[in-house]
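Participant: Sequence:
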Amino acid sequence: REGRGFATIHDNRHALMVEEGHVVPPAGGQIEVGDTTITVPDIRVKFAPMVVVLVTRSPIRAAHSLLDEPPFEFLKKAGKGVDLAEGWAEATTELTFRLTPKIAPEDVDFDVQARLTEVSSEVLVPGQRIEAPALRLTADRTGMVVSGKGTLSGVTFDARWSQRFAPEAK
1 REGRGFATIH DNRHALMVEE GHVVPPAGGQ IEVGDTTITV PDIRVKFAPM VVVLVTRSPI
61 RAAHSLLDEP PFEFLKKAGK GVDLAEGWAE ATTELTFRLT PKIAPEDVDF DVQARLTEVS
121 SEVLVPGQRI EAPALRLTAD RTGMVVSGKG TLSGVTFDAR WSQRFAPEAK
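So for the sequence shown, the working numbering puts the first residue at 1; every next one is plus one.
Fair warning: there could be bad hints in the mix.
Stated by the list, open to error - Heads up, simulated DMTMM-like pairs for lysine to aspartate or glutamate below, C-alpha to C-alpha not over 25 Å straight-line: (1) LYS76 x GLU90; (2) LYS77 x ASP140; (3) LYS80 x ASP111; (4) LYS76 x GLU168.
Derived from the structure by calculation, the hints contain no laboratory data.
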(Lines of atoms letter the chains of each structure in order from A; the text may use other names.)
(Lines give C-alpha, C1' and ligand atoms only; values in the text may rest on other atoms or scores of the structure.)
Protein backbone atom coordinates (compact mmCIF):
# COMPACT_ATOMS: atom_id res chain seq x y z
CA ARG A 1 0.00 0.00 0.00
CA GLU A 2 1.01 3.61 -0.70
CA GLY A 3 3.98 2.32 -2.68
CA ARG A 4 6.32 4.57 -4.60
CA GLY A 5 9.42 3.70 -6.56
CA PHE A 6 10.73 3.09 -10.04
CA ALA A 7 11.78 0.34 -12.42
CA THR A 8 14.37 0.17 -15.20
CA ILE A 9 15.45 -2.19 -17.94
CA HIS A 10 19.02 -1.73 -19.13
CA ASP A 11 21.18 -4.24 -21.03
CA ASN A 12 18.49 -6.93 -20.51
CA ARG A 13 18.59 -6.41 -16.73
CA HIS A 14 15.38 -5.46 -14.94
CA ALA A 15 15.56 -3.63 -11.62
CA LEU A 16 12.79 -2.29 -9.42
CA MET A 17 13.26 -0.07 -6.38
CA VAL A 18 10.56 0.47 -3.75
CA GLU A 19 11.33 3.86 -2.26
CA GLU A 20 8.45 3.76 0.19
CA GLY A 21 5.37 1.69 0.93
CA HIS A 22 4.05 -0.88 3.33
CA VAL A 23 2.35 -4.26 3.60
CA VAL A 24 -0.52 -4.90 6.03
CA PRO A 25 -0.55 -8.46 7.42
CA PRO A 26 -3.59 -9.88 9.23
CA ALA A 27 -2.29 -8.83 12.68
CA GLY A 28 0.24 -6.58 14.38
CA GLY A 29 0.30 -3.41 12.29
CA GLN A 30 2.03 -2.52 9.07
CA ILE A 31 5.41 -3.54 7.68
CA GLU A 32 7.40 -0.76 6.01
CA VAL A 33 9.18 -1.96 2.85
CA GLY A 34 10.99 1.18 1.62
CA ASP A 35 14.47 0.55 0.15
CA THR A 36 13.45 -2.90 -1.13
CA THR A 37 14.87 -3.94 -4.52
CA ILE A 38 13.93 -6.60 -7.05
CA THR A 39 16.39 -7.59 -9.76
CA VAL A 40 16.22 -9.96 -12.73
CA PRO A 41 19.81 -10.08 -14.07
CA ASP A 42 18.83 -11.22 -17.60
CA ILE A 43 15.19 -11.00 -18.72
CA ARG A 44 15.99 -13.02 -21.88
CA VAL A 45 16.51 -16.20 -19.83
CA LYS A 46 13.51 -18.52 -19.52
CA PHE A 47 12.81 -19.11 -15.81
CA ALA A 48 15.30 -16.35 -15.03
CA PRO A 49 16.77 -16.02 -11.56
CA MET A 50 15.34 -13.22 -9.45
CA VAL A 51 16.87 -11.53 -6.40
CA VAL A 52 14.70 -9.65 -3.92
CA VAL A 53 16.44 -7.63 -1.22
CA LEU A 54 13.58 -6.98 1.17
CA VAL A 55 14.20 -4.20 3.70
CA THR A 56 11.55 -4.18 6.42
CA ARG A 57 10.73 -2.24 9.58
CA SER A 58 7.77 -3.33 11.72
CA PRO A 59 6.40 -4.45 15.04
CA ILE A 60 7.60 -8.03 15.72
CA ARG A 61 3.97 -9.22 15.84
CA ALA A 62 3.36 -7.90 12.29
CA ALA A 63 6.43 -9.76 11.03
CA HIS A 64 5.24 -12.94 12.74
CA SER A 65 1.79 -12.49 11.23
CA LEU A 66 3.21 -12.22 7.70
CA LEU A 67 5.53 -15.21 8.21
CA ASP A 68 2.53 -17.25 9.33
CA GLU A 69 0.63 -16.72 6.07
CA PRO A 70 0.40 -19.46 3.41
CA PRO A 71 2.36 -21.06 1.92
CA PHE A 72 4.93 -20.90 4.74
CA GLU A 73 2.87 -20.81 7.99
CA PHE A 74 6.10 -20.97 10.00
CA LEU A 75 4.58 -20.26 13.42
CA LYS A 76 1.63 -22.65 12.98
CA LYS A 77 4.06 -25.40 11.98
CA ALA A 78 6.07 -24.70 15.16
CA GLY A 79 2.92 -24.79 17.29
CA LYS A 80 3.26 -21.08 18.14
CA GLY A 81 1.09 -17.98 17.69
CA VAL A 82 1.94 -14.55 16.31
CA ASP A 83 2.02 -13.23 19.91
CA LEU A 84 5.36 -14.94 20.60
CA ALA A 85 7.11 -11.61 21.32
CA GLU A 86 6.54 -7.87 21.25
CA GLY A 87 8.95 -5.17 20.14
CA TRP A 88 10.37 -3.92 16.84
CA ALA A 89 12.11 -5.65 13.96
CA GLU A 90 14.39 -4.16 11.31
CA ALA A 91 15.49 -6.75 8.77
CA THR A 92 17.22 -7.19 5.47
CA THR A 93 16.22 -10.40 3.74
CA GLU A 94 17.71 -11.61 0.47
CA LEU A 95 15.45 -14.00 -1.43
CA THR A 96 16.73 -15.80 -4.53
CA PHE A 97 14.57 -17.97 -6.79
CA ARG A 98 13.75 -18.68 -10.42
CA LEU A 99 10.71 -17.15 -12.11
CA THR A 100 8.75 -20.32 -12.83
CA PRO A 101 5.00 -20.80 -13.12
CA LYS A 102 4.86 -22.34 -9.64
CA ILE A 103 7.38 -21.51 -6.92
CA ALA A 104 7.46 -23.88 -3.95
CA PRO A 105 8.90 -22.82 -0.57
CA GLU A 106 11.88 -25.15 -1.08
CA ASP A 107 12.72 -23.30 -4.33
CA VAL A 108 13.44 -20.08 -2.44
CA ASP A 109 16.87 -19.47 -0.93
CA PHE A 110 16.96 -16.83 1.79
CA ASP A 111 19.33 -15.00 4.08
CA VAL A 112 17.91 -12.88 6.90
CA GLN A 113 19.82 -10.36 9.02
CA ALA A 114 17.64 -8.65 11.62
CA ARG A 115 17.89 -6.40 14.65
CA LEU A 116 15.10 -6.80 17.21
CA THR A 117 14.64 -3.99 19.73
CA GLU A 118 12.50 -3.36 22.82
CA VAL A 119 11.83 -7.12 22.89
CA SER A 120 9.55 -8.62 25.52
CA SER A 121 7.70 -11.90 25.88
CA GLU A 122 5.71 -13.77 28.49
CA VAL A 123 5.03 -16.58 26.00
CA LEU A 124 8.52 -17.88 25.12
CA VAL A 125 9.14 -19.16 28.65
CA PRO A 126 5.75 -19.78 30.31
CA GLY A 127 5.46 -18.01 33.65
CA GLN A 128 8.56 -15.90 33.00
CA ARG A 129 9.09 -12.49 31.38
CA ILE A 130 11.90 -12.01 28.88
CA GLU A 131 13.08 -8.48 28.08
CA ALA A 132 15.94 -7.40 25.84
CA PRO A 133 16.87 -3.95 24.55
CA ALA A 134 18.37 -5.43 21.37
CA LEU A 135 18.75 -8.91 19.90
CA ARG A 136 20.27 -10.11 16.64
CA LEU A 137 18.47 -12.64 14.44
CA THR A 138 19.99 -14.46 11.49
CA ALA A 139 18.34 -17.13 9.38
CA ASP A 140 19.00 -19.07 6.21
CA ARG A 141 18.08 -22.46 4.77
CA THR A 142 20.08 -24.27 7.46
CA GLY A 143 18.50 -22.62 10.50
CA MET A 144 17.96 -19.60 12.68
CA VAL A 145 19.96 -17.97 15.51
CA VAL A 146 18.80 -15.30 17.98
CA SER A 147 21.39 -13.82 20.32
CA GLY A 148 21.90 -10.95 22.72
CA LYS A 149 21.63 -9.67 26.27
CA GLY A 150 18.53 -9.22 28.35
CA THR A 151 16.70 -10.37 31.46
CA LEU A 152 14.59 -13.41 32.31
CA SER A 153 12.25 -12.37 35.14
CA GLY A 154 14.88 -9.87 36.29
CA VAL A 155 17.91 -12.19 36.01
CA THR A 156 20.42 -10.97 33.40
CA PHE A 157 21.52 -13.18 30.52
CA ASP A 158 23.79 -13.12 27.50
CA ALA A 159 22.39 -15.92 25.39
CA ARG A 160 22.37 -17.56 22.00
CA TRP A 161 19.44 -19.70 20.83
CA SER A 162 19.60 -21.68 17.61
CA GLN A 163 17.26 -23.95 15.69
CA ARG A 164 18.30 -26.06 12.73
CA PHE A 165 15.72 -26.42 9.95
CA ALA A 166 16.65 -29.96 8.83
CA PRO A 167 13.86 -32.56 9.19
CA GLU A 168 15.81 -34.40 11.89
CA ALA A 169 15.97 -31.17 13.97
CA LYS A 170 12.20 -30.84 14.13
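Participant: Taking the hints in turn, state whether each one holds.
Facilitator: Status of each hint after checking the structure:
1. LYS76 x GLU90: Status holds; Cα separation ~23 Å.
2. LYS77 x ASP140: Within the cut-off at roughly 17 Å; holds.
3. LYS80 x ASP111: Given that 25 Å is the threshold and the Cα spacing comes to 22 Å, the pair holds.
4. LYS76 x GLU168: This hinted pair holds, its Cα atoms lying about 18 Å apart.
Going through the hint list in order, the structure satisfies each hint without exception.
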